[in-house]
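Participant: Residue numbers (the working numbering), protein chains in the order written: chain A, 103 to 833; chain B, 886 to 1210.
Because the hints were derived from the structure by calculation, they are not lab data. Each residue gets a CB set at the ideal place from its N, CA and C atoms; glycine is no exception. Watch out, some of these pointers could steer you wrong.
With a straight-line cut-off of 30 Å between C-alpha atoms, the simulated DSSO-like cross-links for lysine-lysine are [said to hold, decoys possible]:
| # | chain 1 | residue 1 | chain 2 | residue 2 |
| --- | --- | --- | --- | --- |
| 1 | B | 969 | B | 940 |
| 2 | A | 296 | B | 929 |
| 3 | B | 1057 | A | 495 |
Computed beta-carbon distance windows for the label pairs [said to hold, decoys possible]:
| # | chain 1 | residue 1 | chain 2 | residue 2 | range |
| --- | --- | --- | --- | --- | --- |
| 4 | A | 445 | B | 1070 | 21 to 27 Å |
| 5 | B | 1038 | A | 776 | 43 to 49 Å |
| 6 | A | 500 | B | 1069 | 30 to 36 Å |
| 7 | B | 902 | A | 271 | 34 to 40 Å |
| 8 | B | 1204 | A | 809 | 30 to 36 Å |
Which bits of chain B does chain A cover? Going by a derived footprint, with three or more residues having C-beta under 8 Å, they are [stated by the list, open to error]:
| # | segment |
| --- | --- |
| 9 | 915 to 921 |
| 10 | 936 to 948 |
| 11 | 978 to 985 |
| 12 | 1019 to 1027 |
| 13 | 1059 to 1067 |
| 14 | 1152 to 1160 |
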Amino acid sequence: MSSLLSIKFRRAGILFFVLSCLAFLLAACGASPWNDPYPEQDDKQAVLYMSFAERPKHLDPAVAYSENEYAFIAQIYEPPLQYHYLKRPYELTPLTAARLPDITYYDQQGQKLGPAAEAKDIAYSDYLLEIRPGIRFQPHPAFAQDKQGRYRYHDLDQSAVDALATVSDFAETGTRELTAEDYVYQIKRLAYPKTQSPIAEIMKGYIIGFADFAKHSADKPRDALRALSMAGVEALDRYHYRIRIKGKYPQFSYWLAMPFFVPMPWEADAFFDQPGFGDKNITLDWYPVGTGPFYLAENNPNRRMLMFKNPNFHPEVYPAEGEAGDAEKGLLQDAGKTLPFIDKVVVTLEKETIPNWSKFLQGYYDSSGIASDSFDQAVQFTGGGVTLTESLKEKDIRLHTSVETSIFYMGFNMLDARVGGDSDKARKLRQAIAIAVDYEEFIAIFRNERGVPAQGAIPPGIFGNEEGESGINPYVYDWVNGKPKRKPIEAAKKLIAEAGYPNGVDPKTGEPLILYFDTTATSVDDKPLMNWYRKQFQKLGVQLVIRATDYNRFQQKMSAGNAQIYVWGWNADYPDPENFFSLLYGFNGKVKHSGENSGNYQNAEFDRLFEQMRNMENGEPRLQIIRQMQEIVRRDAPWVFGFHPKTFSLYHGWASNLKPNLMANNRLKYIRIDPVKRAELRRQWNRPVLWPLAAAGVLCVLLFAPAVSAYRRRTRRPRPDAMAIQTEASR
Amino acid sequence: MIYYIIRRLLYAFPILLGINILTFVLFFVVNSPDDMARMQLGQKHVTPEAIANWKHLHGYDLPMLWNEEARGGDKVTETIFYQKSVGLFLFRFGVSDSGRNIGADIQQRMWPSLALALPSLVVGLLTNIGFALLMVLFRGSYLEFGGLVLCVVLMSISSLFYIIGGQFMIGKLLKLVPISGYDEGFGAFKFLILPVVIGVFSGIGSGVRWYRTLFLEEVGKDYVRTARAKGLTETQTLFRHVLPNAMIPILTGVVVVLPLLFMGSLIMESFFSIPGLGSYTIDAINSQDFAMVRAMVFLGSILYVLGLLLTDISYTLVDPRVRLS
Chain A
103 MSSLLSIKFR
113 RAGILFFVLS
123 CLAFLLAACG
133 ASPWNDPYPE
143 QDDKQAVLYM
153 SFAERPKHLD
163 PAVAYSENEY
173 AFIAQIYEPP
183 LQYHYLKRPY
193 ELTPLTAARL
203 PDITYYDQQG
213 QKLGPAAEAK
223 DIAYSDYLLE
233 IRPGIRFQPH
243 PAFAQDKQGR
253 YRYHDLDQSA
263 VDALATVSDF
273 AETGTRELTA
283 EDYVYQIKRL
293 AYPKTQSPIA
303 EIMKGYIIGF
313 ADFAKHSADK
323 PRDALRALSM
333 AGVEALDRYH
343 YRIRIKGKYP
353 QFSYWLAMPF
363 FVPMPWEADA
373 FFDQPGFGDK
383 NITLDWYPVG
393 TGPFYLAENN
403 PNRRMLMFKN
413 PNFHPEVYPA
423 EGEAGDAEKG
433 LLQDAGKTLP
443 FIDKVVVTLE
453 KETIPNWSKF
463 LQGYYDSSGI
473 ASDSFDQAVQ
483 FTGGGVTLTE
493 SLKEKDIRLH
503 TSVETSIFYM
513 GFNMLDARVG
523 GDSDKARKLR
533 QAIAIAVDYE
543 EFIAIFRNER
553 GVPAQGAIPP
563 GIFGNEEGES
573 GINPYVYDWV
583 NGKPKRKPIE
593 AAKKLIAEAG
603 YPNGVDPKTG
613 EPLILYFDTT
623 ATSVDDKPLM
633 NWYRKQFQKL
643 GVQLVIRATD
653 YNRFQQKMSA
663 GNAQIYVWGW
673 NADYPDPENF
683 FSLLYGFNGK
693 VKHSGENSGN
703 YQNAEFDRLF
713 EQMRNMENGE
723 PRLQIIRQMQ
733 EIVRRDAPWV
743 FGFHPKTFSL
753 YHGWASNLKP
763 NLMANNRLKY
773 IRIDPVKRAE
783 LRRQWNRPVL
793 WPLAAAGVLC
803 VLLFAPAVSA
813 YRRRTRRPRP
823 DAMAIQTEAS
833 R
Chain B
886 MIYYIIRRLL
896 YAFPILLGIN
906 ILTFVLFFVV
916 NSPDDMARMQ
926 LGQKHVTPEA
936 IANWKHLHGY
946 DLPMLWNEEA
956 RGGDKVTETI
966 FYQKSVGLFL
976 FRFGVSDSGR
986 NIGADIQQRM
996 WPSLALALPS
1006 LVVGLLTNIG
1016 FALLMVLFRG
1026 SYLEFGGLVL
1036 CVVLMSISSL
1046 FYIIGGQFMI
1056 GKLLKLVPIS
1066 GYDEGFGAFK
1076 FLILPVVIGV
1086 FSGIGSGVRW
1096 YRTLFLEEVG
1106 KDYVRTARAK
1116 GLTETQTLFR
1126 HVLPNAMIPI
1136 LTGVVVVLPL
1146 LFMGSLIMES
1156 FFSIPGLGSY
1166 TIDAINSQDF
1176 AMVRAMVFLG
1186 SILYVLGLLL
1196 TDISYTLVDP
1206 RVRLS
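Modelling step: build the complete structure from the supplied sequences, incorporating the hints.
Facilitator: In structure tokens:
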């Protein structure tokens, strides 16, 4: 009986094995490659596949303030203004607004002033915005109403909340038209202390009534915000609202293109603020409610984010104008066509660069950056510049490069007794260091040539940055053969000698001058970089001591003014020189004013020019002042102007309408994907290779056959030690 | 045994309290509430007023352990330690400093971790024990020697190499499975094959050697000689007698980690983009999120205590001589 059962089991096992093999082979014959991480049906859709390495912390537009958060919310929410996708220099255009804001100036007595009024005469400015009618919010349960017009999901009981897992569990959704009140409500949210908006403190200095609103609303519940009024912000009617700004602040228009100033329906707050929702992470910080081209269908930042085309998206067309050369690059082929071109965006978490790169090469991501470990596989530097390697060209991969509107600099603490201050001695010491620290070498070694040495505080692409001989820093560079050339180290040695440290020796001690570099670079990986910094200072005979601490201690040192030399960076909030020069404005000093002037630089003339420049419109008079300011900071050298990072992005040939735009975050609506071409190429590139599997199977059999035979021999006869026992027992 | 279990559970309370205090002290030695606020508020425009507002809203404007200004019992309760720790003992993990409900996050992320860790453990255990028994069967032969050399080679290679090499070979060159990713339900199968195979393969070297040592110790004992003397084959001896008698050290190593399988594996999950709990604690430390750190340390401690208790109980199942009293 048992042998019969055993035979049956063996047969069943063989049958299972054969069926498994068949299933495996059938799967192999399917249309989708085996290694395709996406569902097969997605092949036919215009889906954009991207990856992200760092999960967003906030998706509430009043709180989010980092690039990885803007990558999502800028596709979902719409501020009144946006940056033109193609035109350069960056230009604001209306988004939900009917036109750019009408700006009116008033004096202290409330009398209207002309557009050419002096900034000192302007007491406040009114920004009047008109919203286009007919724009509707995405379908969302917060808007769902019953027949009597009551909101269906604004007052749920505990049992209903218990049954929920995500916001997609609600059976009904609704929508409504965007109104001016939604923009006003969002500004109130910015001021409300419980929102903890990172720009609340800045806006207190600009928007009239903002600080008072913050004070009065502090102890109020969120649902009271609608009824409270803010003196400077008012909805005039259904489609018009006005923001009143203290004095003149032309850069405020740029703020109106940032996600902080998007519309927020009060219904969203009322819906998400219900008891029990937070326990399930059903919050407005996690589930955006916008009018943009996409809505967030799935939010699992530990795995993937899914954005679907918003069925209620208002008519918007691809731009018909661009900068010179755009038409030749095919960037105007879709001019006048309705946006967006893609149906779905799948953004997958890839923490590690190696799998991310492999999946891009397999066609499973439409775009990729270039990590340092795959840099040589991707690009090569030739006499004519940077090009893709042959293997990538064969795959029709395209390279886009752009210089970021950012700066990384080495700063001096101007409160420090040795490197800081306004003395000629300290200035020459800083200038000598600025020459010695060779950022061209830094970019070559540590950034794979992905950077441009900075000549001043303003990055390329922003008004005030100048190319050519007039744009170089004459204290660090000479203009040689049509290019800037770093001054020889002898010039730096001469300067340091004039500073009182001949050959880098401190006359007080007779020893090399010791300077301190404060950094958060504590890992072993940072050692080569720290050695490089030491070597730069050694060129002058100066000994650089690295004071590496954790992030917290470093921040404390900076806040207390205890650091000496450090590196820091700034990414443009908006494309205006004011945003960068404010980092050197005396009244933004970190120690005295808790501002963003990390080096505590203060120069009365610079401050005077800054106050004049910040309120001016772009034009020749403003450029003249910017040149003077650049000259002052180049001479005073509170920073060693380091570099502007250069972004290298790769895209597959099936993606089009791609143009780097460092200010616009809502770029996805312009991208077009050819899903048929992609599916075909994916199949070509990802045919499974089966012969190694078969070879491995044969190898296993060959290896195991002698082992099985040895096992049988051994189990048939008793072990010698067992036989010895038996023999002894029989005796 | 019930009394034993209750007693052990009661012992856990002071241990957990001690761990809580230690976590609290260690965390706040390194990070002050101001540092935490600065980290949460971002890099730009962080003013002292914004820091004060953040601390107030998150309850970090209270004294750490003792509130001198409060009265009576409030001296203890109106402190950061009390406010942040008491809920843990009721399994209310609260909200992270970035606003997420920690309990909901753990519930969501523990299943993918388990989906990876459980098959890796089971398949790995069976493979290691199987190979170890084979090596014991062939002890003294060239097969055992070859196997040992192979084990030493396998255990000398970094697990990172297995991961990168496996992804390169199986995912990139042979294109048999996705290089990374995850899906819900049965869809997860094709994403888990590669990490499970790599997880098992990378553990073979050390695992087989460890179990081989355990079995070799057993095969020299008198009862094994008796079994052979009774005429049992070597396979019968190994599987019926040696394996059950080696279960105590096997269970010591295995049962204690069972509850911790939920906690995930940092490197595996990171390379294979598996949305588990592996990086949760590290992310919390990096973002100075005390609420998450204390919750994860507390949960880890409970699971470890539970694992030790389960180990003790499992001894009674495999060895009738063991009595818990």
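Participant: Now look at each hint and say whether the structure bears it out.
Facilitator: Hint by hint, here is what the structure shows:
no.	hint	result
1	969(B) with 940(B)	13 Å, holds
2	296(A) with 929(B)	19 Å, holds
3	1057(B) with 495(A)	19 Å, holds
4	445(A) with 1070(B): 21 to 27 Å	24 Å, holds
5	1038(B) with 776(A): 43 to 49 Å	48 Å, holds
6	500(A) with 1069(B): 30 to 36 Å	34 Å, holds
7	902(B) with 271(A): 34 to 40 Å	39 Å, holds
8	1204(B) with 809(A): 30 to 36 Å	32 Å, holds
9	915 to 921	holds (count 4)
10	936 to 948	holds (count 3)
11	978 to 985	holds (count 4)
12	1019 to 1027	holds (count 4)
13	1059 to 1067	holds (count 9)
14	1152 to 1160	holds (count 5)
Violated hints are absent here; each numbered hint is respected by the structure.
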